[in-house]
Amino acid sequence: MAQRDEKIVVSAGAGGLGAAIASESGTELGSMEEIKARGYWELVWRRFRRDKVAIGSGVFIILLIFFAFGAAPIVKDMVGHGPNDLFLYAPAVNLAGLPANPMTHVHNPNTGHSDLLVLGAANRLGQDELLRLMYGARISLEVAILSTLGVMFIGVILGSAAGYFRGWTDTIISRVTEITMAFPVLIFVISLAATVGPQLDNITLGVFPQGVITLVLIFSLFGWFYPARIMRAQVLSIREKEYVEAARMVGASDSRIIRSHVLPHLVAPMIVYSTLIVASYVLFEAGLSFLGVGIKFNASWGNLLSSAVDYYTTRPLLMLWPGLALMLTTLAFNLLGDGLRDAFDPRASHM
Amino acid sequence: MFRYLIRRILWAILLFIIITFVTFVIFFMGPNDPARAQCGGDQARPACLKLVTEHYGLNKPLYVQYWRFFDRLVVHQNLGYSYANGSSVNQTIAKAAPVTASLVFGGAVIWMMIALSLGVYSALRPRSLLDRTAMVFVLIGISAHPVWIGLIFEYVFGVKLGWTPIANYANFFGAPAGSGLPGGPWQWFYHMILPWFTFALLFAALYVRMVRANVMETLNEDFVRTARAKGAPERRILVSHVLRNALLPVVTMLGMDIGVALGGAVFTETVYQLPGLGQNLVVGIQANDFATVQGVVVFATVAILLFNLIVDVLYAWIDPRIRLA
Amino acid sequence: MALLEVKDLRTSFHTEDGIVGAVDGVSFSVEKGQTLGIVGESGSGKSVTCLTIMGLNAKRNTTSSGEAIWKGKNLLTTKPRELREIRGNDISMIFQDPMTSLNPVHTIGKQLIEAVQLHRDVSNRVARARSLELLKAVGIPYAERRIDDYPHQFSGGMRQRVMIAMALINDPDLLIADEPTTALDVTTQAQILTLMKRLQEEFGSAIIIITHDLGVVAETADDVLVMYGARVVEHASVEELFNRPQHPYTWGLIGSLPRLDIDVERLIQIPGQPPSLLRPPRGCRFHPRCSYVMEVCKTTVPELLPTQREPDHLQACHLDEETKDREAAKLLESMMAEAG
Amino acid sequence: MEASTTGTNNSVVDPNDLLVIDDVKKHFPITRGIIFQKQIGSVKAVDGVSFSVKKGETLGIVGESGCGKSTLARCIIKLLETTGGQINFDGRDITKLSRSTMRPIRREMTMIFQDPYASLNPRKRVGAIVGEPLEVHNLGSASEIKTRVQELLEVVGLNPEHYNRFPHEFSGGQRQRIGVARALAVNPKLIVCDEPVSALDVSVQAQILNLLKDLQDDFGLTYIFIAHDLNVVRHISDRVLVMYLGKVVEIATRDVLYKEPKHPYTGALLSAVPIANPELGRKREPIVLEGDVPSPVNPPSACNFHPRCPRFVEGHCDVEEPPLYSFGNGHVAACHYALERWPMDASEIRRASASRAPEPEPEQPLPA
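First to last, the sequence lines map onto chains A, B, C and D.
The working numbering numbers the first residue of the first sequence as 267 and each following residue consecutively.
The working numbering numbers the first residue of the second sequence as 23 and each following residue consecutively.
The working numbering numbers the first residue of the third sequence as 1127 and each following residue consecutively.
The working numbering numbers the first residue of the fourth sequence as 23 and each following residue consecutively.
The hints are simulated quantities; they were obtained by calculation from the structure and are not laboratory data.
Predicted, not measured: the structure shown is a model, and the values here were computed from it.
Hints should not be assumed to be uniformly reliable.
The list that follows gives simulated cross-link-like pairs (lysine-lysine, BS3-like), each with its CA atoms no further than 30 Å apart [as the list claims (entries may be wrong)]: (1) K235/D <-> K168/D; (2) K1450/C <-> K77/D; (3) K76/D <-> K211/D; (4) K1185/C <-> K1197/C; (5) K146/D <-> K168/D; (6) K281/D <-> K1323/C; (7) K211/D <-> K1456/C; (8) K1197/C <-> K1158/C; (9) K1205/C <-> K1262/C; (10) K1456/C <-> K281/D; (11) K562/A <-> K318/A; (12) K1133/C <-> K1197/C; (13) K1456/C <-> K77/D; (14) K1262/C <-> K1185/C; (15) K1185/C <-> K318/A; (16) K1236/C <-> K1205/C; (17) K77/D <-> K305/D; (18) K1424/C <-> K1133/C; (19) K235/D <-> K1158/C; (20) K1323/C <-> K305/D; (21) K1133/C <-> K1199/C; (22) K281/D <-> K76/D; (23) K1197/C <-> K1323/C; (24) K1133/C <-> K1323/C; (25) K1185/C <-> K1205/C; (26) K1133/C <-> K1158/C; (27) K305/D <-> K1262/C.
Using the sequences plus the hints, can you model the full thing?
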């Protein structure tokens, strides 16, 4: 009944009787014996390694992290001023009130030195475009990665609990998920950032710039349903697999089944979706900061874009830098995600 | 089908109650005291504060206040009055909604046109030049920020080439008399063309990818092979057997994405200075005018719930498995 | 003249792991009104053979060669437009899984009418009448009402009846049935097989029935083609095949089958697994699993040759005929003996 | 015909019985609701099944898809909680045991699954798969488990050196051998085989059937062997139980059932099986049942086979549910008008075919 007539039969490995026959008759069956047993992660890595685009994206992301967290303070020391330092007077801002062009020397009243604005000034306040780009990268990555962690944390726990335990747990979690999904998310996030944002902005945990935690909390609150749905579907399909039944047949406890038969299968989708979600939060953060409800005082690619709006006819480069940074970052995360997906599941459709 | 619709309608009503409640709580908990806002902010006189507080029942418990809010909303369809200038939020929205509607529906038409044509053609010719071009388009579309795309469009087509206006809205039915603003269908189209494309790009990219995957999957279905075995030409197979099945999940996605799309309109409206709901929202936030903000949120919620209901009906209509259940 | 004559048909798929020779030099012919059974295990190439004849393989990464002569035309080189005129009109096909072979969003009436109108320039009314006639012929109860139902409202057996109605609607000369009962229960299978037999008498079509079930072949086919590892190993009339099987693989198939009419304590088992078509064994593809293997089997591909006694009985094995007759007799005798 | 009926209540427990199933039911609720689900009906997958299995024998359970045979298997092995009835294993009532009190019993009954691909975790090496039961029950140290696993692999005809390979490196038949090794690991008394060969090719199927028979001889195992293929069930079973729509239709020893079936459904099943013998196969006239198996959501009244039965008597079969009539030697069949001759001839068919085909009802989609 379940005879499947597969057009292509690729039988790998030869054990037992097949091997016995093969060693007797010394045929091609025997040559398959040499295929060494490879671990799952080794196979994934081998597939991933062949994907040049994904490797390139990974390298770009590593460089970006270095650029944001390692290089930014160094450059700050080198140029002698910070990303939020103001240069309100000429030539950081010219007589028409336009920001300075690249490679402008300005006098730093704090140190008395003459500082260089490599990419010019970012806005009418004369803040350093280059430094703000670098510190903006930091904010982007912090918000995107922390939000992704938050979203995945809530989503994976709720989603897999719903999928594994089903029954009432599933009903309640699924309904809450559906309700959350029905919210006009963007509009809500914008209003939330505006109403409760100012109260949360002071939470910095000592390390994060103002506003980062606010965005992370708001994004996590409204973003968990996506991974929750994916994880629920994954767990539902895994727990229907016969090998989970087999483990229960053997007498394995819930915790053993979850640990050794469910979780290992969730790692791949978790990694892939995390990468893709990071990309969308990079864009999201920039969007909110652009509207003035996200990161307000510190540098962010979003508020760099929003200040560029005022001068894009005369200083189009101001719009180019943050936009390009955003696009390359998002692109890198998207391509890395696609590459990882292909490496984990080579049958998944290509595009 | 009837039971399915009843279920969807009841669900929508429940969602409406929950979402309005959450909206109410968010603004209730917000840092801004509406009474103070009404009385002129920091310089408010205590007498005014007291009067307003009592008038609006601001000292009553949360659920009583919510009930008043809900009653006003449902029975009187009244979204309240702006804290900033006391104008009716209903009127503000009545003015802004057509702008956003033009943007969203026009944009949706463009995004579906791009998604369908590009998605279907690249599914039929995988790995061809067109398919690869589509892939690049998809990657740029999902990676470039809509705001940035908008600015680039404005700069290139508006400023450098001078083909299109770079801001403002033109009323489809003609501008109000004496306003000196442009109006009429052509001006409307002319002003909307850049916003439409900006708005459509992100979704077009996502949907190209989805349509392509769905069409390719459906092409591998057994019933397509049956149609070929019957002797049906490829064109007929595509139109009559593949597309309808492949587009079923697209309809579902459309229902889920309309909320996100309405949110995306906020960015487009801000970039092109279109006086739609999104711009009212942003201006309201900047002016601490939370009555307007709340009004916009509630209105958007209702619009999305209604749209979702339409999509549900549409879905049931094209999928006999639901229609006949 | 034969209705369909297939000569040296070869099909290979280019996969990421290499080239898979799914069909490797298959030849046979089908006469008018005759039923040909093709038996083989998964991956033996039986389905691909028929899909290649019909031009239904995916175009990409597939190469085919050889000839399939239908009314003087080679179907493998016919233009797609002409091939479409033959498909569903002269040659029609039914598939394994009736649950997925019908389009879920169209009524069965619409799908039947489409089948008529693709080949006949008739009005909707005429096509609908014809559809109704066929639905009644295949035994759909209340056909007038059910013609406007959707596939999901039918059971598996009923859907397969609809598929048969669709296949026969243009009076084809040849019906290819690819595992038509594999997805069905045994009582439904009996219904469908009886129906196909009855309809063949009524419509006079030739049938190619593809199956892995020797029982189905024994009950339906006139001639049988046994396939193993993308090649034909034996081709004979059904009585010949079951009474004087000439290939060790066929012996294995017959001996390994538990059956209602014979009692055996232990089944005869073929050791090992079917070969990988990516790297098939050299020489005779069955030799790694064959208990009669000789040196020549490992190097030389046995040709498909007629036996001396019966020129219509073709087999591809290096063993001498005497041994084969002896072994076959021994096998059948042992089975009968155990049956008591 | 003997009029005596066997009661459903087996109060006397035969010491030779390893497993006694008494009136076991499994109903799956069908729910519907907007926010919260309420039950509006149930799928009666298994509906009052009673039988016993002796030590060392093989009981075959045969039936068409949807008859409840796999659900029954999962109830016996306690992968599903029963809705009603009692399961006695080796003298103990295991129906109400909790997961922890059930654990020691899981060493004594195991299962072989249908799908050799889905039943092995693709991330685990063969050693971990076969050794999992040993690990769960704390049967030995890591090195002892490894030795035992290699021993088991050899027993089922696999190369013991392959314990560190992954399932995808094996073919279907070899994977099923791994499944057999896992079931054997804890030295069980009873193995429930749920369609263990239906996903395999004919030539490989024989290998597994022979292996199962050999193991039974070597280890004195008791099998419950579930299949839809009557040929396979006949080959391996000592006794056979036929199920239809969640109920037992007939139980008899293998030879009796296949030579003298009493229930018309068993007769119809037997005559529907194609025989790999052209002379024999074409001579007989199969009893072709009309229509399809009805939905277990809303099964027909009384004898649930009556709408398709060639021996249907109006006013009796659709009103009074037939008990399991006894025909001697443990042969029971649930039919008021059991077959008197086999093969059936025309005189046995009481109603003209197609005289009363049931009204077609749009099938209810079953909840998964």
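Results for each hint:
Of the supplied pair hints, the one linking K235/D and K168/D holds, its CA atoms being roughly 26 Å apart against a limit of 30 Å. The hinted pair formed by K1450/C and K77/D fails the criterion: a straight-line CA distance of about 44 Å is larger than 30 Å. For a cut-off of 30 Å, the pair hint linking K76/D to K211/D stands: about 11 Å separates their Cα positions. Using a Cα cut-off of 30 Å, the hinted pair K1185/C and K1197/C holds, with the two alpha carbons roughly 24 Å apart.
For the proposed pair K146/D and K168/D, the alpha carbon gap of about 14 Å is at most 30 Å, so the pair holds. Pair hint K281/D plus K1323/C holds up; C-alpha atoms about 27 Å apart against a cutoff of 30 Å. Of the pairs offered as hints, the one joining K211/D and K1456/C is violated, with about 38 Å between alpha carbons and a cut-off of 30 Å exceeded. Using a Cα cut-off of 30 Å, the hinted pair K1197/C and K1158/C holds, with the two alpha carbons roughly 12 Å apart.
With a CA separation close to 35 Å, the supplied pair K1205/C and K1262/C exceeds the 30 Å bound. At most 30 Å may separate the alpha-carbon atoms for a hinted pair to count; K1456/C and K281/D meet this at roughly 27 Å. Between K562/A and K318/A the CA atoms are separated by roughly 38 Å; this puts the pair beyond 30 Å, and the hint is violated. This hinted pair checks out: K1133/C and K1197/C have alpha carbons roughly 14 Å apart, not beyond 30 Å.
Only pairs whose Cα atoms come within 30 Å are accepted, and K1456/C paired with K77/D is rejected, the gap being roughly 37 Å. Proximity of K1262/C to K1185/C is assessed by CA-CA distance (about 37 Å); at most 30 Å being required, the pair is judged violated. Only pairs whose Cα atoms come within 30 Å are accepted, and K1185/C paired with K318/A is accepted, the gap being roughly 29 Å. With a C-alpha separation of about 28 Å, the suggested pairing of K1236/C with K1205/C holds against the 30 Å cut-off.
Our distance criterion of 30 Å between C-alpha atoms is broken by K77/D and K305/D, whose separation comes to about 40 Å. About 25 Å separates the Cα atoms of K1424/C and K1133/C, which keeps this hinted pair within 30 Å; it holds. Our distance criterion of 30 Å between C-alpha atoms is broken by K235/D and K1158/C, whose separation comes to about 46 Å. A C-alpha spacing of about 14 Å is found between K1323/C and K305/D, which places the hinted pair at or below 30 Å, so the restraint holds.
Between K1133/C and K1199/C the CA atoms are separated by roughly 13 Å; this keeps the pair inside 30 Å, and the hint holds. For the hint pairing K281/D with K76/D, the CA-to-CA distance comes to about 22 Å; that is within 30 Å, so the pair holds. Between the alpha carbons of K1197/C and K1323/C the distance comes to roughly 25 Å, so the proposed pair stays at or under 30 Å and holds. For the hint pairing K1133/C with K1323/C, the CA-to-CA distance comes to about 28 Å; that is within 30 Å, so the pair holds.
Only pairs whose Cα atoms come within 30 Å are accepted, and K1185/C paired with K1205/C is accepted, the gap being roughly 14 Å. Of the supplied pair hints, the one linking K1133/C and K1158/C holds, its CA atoms being roughly 18 Å apart against a limit of 30 Å. Between K305/D and K1262/C the CA atoms are separated by roughly 27 Å; this keeps the pair inside 30 Å, and the hint holds.
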